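Residue numbers (my numbering), protein chains in the order written: chain V, 1 to 351; chain D, 352 to 745.
Careful: at least some of the hints might be erroneous.
Chain D side only, calculated, beta carbon under 10 Å to chain V, not exhaustive [stated by the list, open to error]:
hint	residue
1	V503
2	H529
3	L568
4	R577
5	P727
Rather than coming from a laboratory, the hints here were simulated on the basis of the structure. Since this is a predicted model, take the numbers as computed values, not measurements. Where is the CB? At the ideal position from N, CA and C, for every residue including glycine.
For reference, the chains in residue letters:
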Amino acid sequence: MLSLLAVEIPYWGQSLLRVLGGLVAVLLPAGTIVYLFLFKMMSFMQSRLGPMEAGPYGSLQLVAEVGKWLQKEDIIPDNADKKIFKIAPIVVLVSTFLLVAVVPFGPDAWFTNFETGVFYALAVSSISVLGILMAGWASANKYSLLGGLRAAGQLIAYELPMVLAVVGVVIQAGTMNLQQIVVAQNSGAIFGFDFLGNPYILTQFVGFVVFMIAVQAELTQTPFDMPIAESELVSGYMTEYSGFRFLIFFISEFATAGVFTMIAATLFLGGWGVPFAWFGWSGIDDVSNWMNLVGPVILITKMLLLTFIVMWVRFSYPRFREDQLQRFAWKVLIPVSLVNIMVTAVFKVVM
Amino acid sequence: MTMLDDKLGDRQRLSYIAAQAADARLNVELETEGMTLNIGPQHPATHGTLRIIARLDGEQVVWAEPSAGYMHRGYEKLTEVRTYPQVTTLINRIDWLGSFANEVPFILAAEKLMGVEAPPRAQWIRTILFELSRIANVSLFLGDLGVQMGAVTPVFLAFRDREYVLNLIESATGGRFHPNFDRIGGLKDDLPAGWVQETKQVMKKLRNFCDEIETLLFGNEIFQSRMRGIGVIPREVALQYGLSGANLRASGVDWDLRRDQESPLAWKHADWKVFTHPDGDSFARSWIRLQETREATKIVDQLLDGMPAGPVMAKVPKIIKVPEGEAWVSTENPLGEMGYYVVSRGDLGPFRVKIRSASFNNISIVPWVLRGVYVPDIITILASLYFILGDIDR
């Protein structure tokens, strides 16, 4: 029995709550990111207003766009491998939903509480590569194929720095459970000074930077957007998709952005929590029940902060070339994160 | 090969070796299966309908060829059935981003045949509008350069500031895109009141835009790594392929028709500089264009200060008949050397007009320069060579 806000909930209720919560946790941030950053922030950076007609300040623009896409014809090319072509976008979206399963939103508000949550998250995030490769191959289009192959090469290259960047956090926290990593950050102290807790963005700053660069690459946002590269490959692996299936790709792009930055916020910014010293809590058991409601808000705020950085980079940088990107991953990011692991391990043993 | 002499830098030599390797792969027929990629005619990076047939090995280009002509409109033939004043309407549409600059060489050729000289004020206004259309043209290039590499913001800045220039052209000529303002013997009208002050303010804005682009784009490390050492064209090759304009100057050839050629237009009255760059790569070509935009704003400023008074139209008959003869006039247009060879048989219209447009010659180097580069580099090289489809396919 799960006790949420002192209410006893039966098992079927919990399951229903989890499914609904999962939908909300994936789709709500995705919509917010699209509206706030893709529509509005991008426009303001480019000295224009962006959508202003649908709803106040264009806030219903996304609804209008979804309506538009749903009306469009679902075109499947004649030469396409039809089954694979149809499954591919769903595979990409499913990986996003699997990813959100381990993110803790509050002391009791989580979908599942894996002991090896970090490991699971990093493993599941690679599934989207499969979907992209399927889409690229099944489209029977040379641009799609090039885009799919680029995506595969890029996502695999950036998986490694991402894992290595997280290893530093895992060493410092001494656990792979995301909930315990959050608790370790908020109840921790830097040299006995516990007013800020110990958010790992301070002590693992190198790891944070490497992780965010890898996230940028995993999300295929500029400067790492060669798989889509609209000026070279038209739309990369999405070229042949239209209507509903394109919509799924579109949603999953921004939903994944949301989930990845949620995980980054959990690992480096203290997740759902505030420093426990503020309220005199000493551990997870002391945390009062209302954090189950405030926690998600705090997490989403931190998520939006990190997404802001991701999008800011996206709108201001040109993109790398394929070989430059690989060189950057293997010659810069991986050595840096290895050194980071070594330094972290030495400090952990010494202190 | 004589190109590999000691004067070349490391970058040029490396790019040359990559090209040689591509040649070798094509000739030896190694056991790899290639792929032919049609870039265009409908592709976001070709600004229209240019088609590049590229033979790829993985992502490396082994062989590439441009295939032009999807938008051929037969202007050379059409001019034969138009009268002289009507021709300017057509040739406005050749390089549609710098329209006014297309009219000038043709009108100058017709004036040369008729022995008419436009009054000095008309020549000065022509030069100013010529430089304004250069600014309108090249500022869009500078914004587009970012888009080709995925940086979406510069193009909006470019459109914002180009709008000021288009407004100026509109208030002077009545047309934003296709002014059709040049007449044999002068101009259609004088400048409107207040135009000079307004232009000076806009030129200040454009100089700010150039600074903005220089820091936002040209100072960016990723931009530099994408552009430097890519698509290197050595001096000799550039001359052999008949490149002109910024593409030639970027290869180190100090050649600018505005300065090097006797012309009735007013460039000689302004104090300005011709930029060259020794590298010959994509970065050099873009950098030259950026500097030229800034230099063009200075030319406009200086010409506005010293503009002579007087009429803008010489005495020409109502019905223009050009005496028999042949004339060739070319000018340094935004895209490079543009010239008209006009043959007249004494009729109302020309007997034959040969149009030498810059982009057509400039893209002839595409097969040479694309050997051995990667697919993303195709786009940056094409962007930096800077062609306008209408200028290729007349």
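A quick look at each hint next to the structure:
1. Of the supplied interface hints, the one on V503(D) holds, with its beta-carbon coming within about 6 Å of a beta-carbon of chain V, less than 10 Å.
2. Given hint, H529(D) at the interface with chain V, is violated; its Cβ is 26 Å from that chain's nearest Cβ, farther than 10 Å.
3. Interface hint status for L568(D): upheld, as the beta-carbon distance to the closest one in chain V is roughly 7 Å, under 10 Å.
4. Given the 10 Å rule on beta carbons, the hint for R577(D) holds: about 6 Å separates it from the nearest Cβ of chain V.
5. Because the beta carbon of P727(D) sits about 5 Å from the nearest beta carbon in chain V, less than 10 Å, this interface hint is met.
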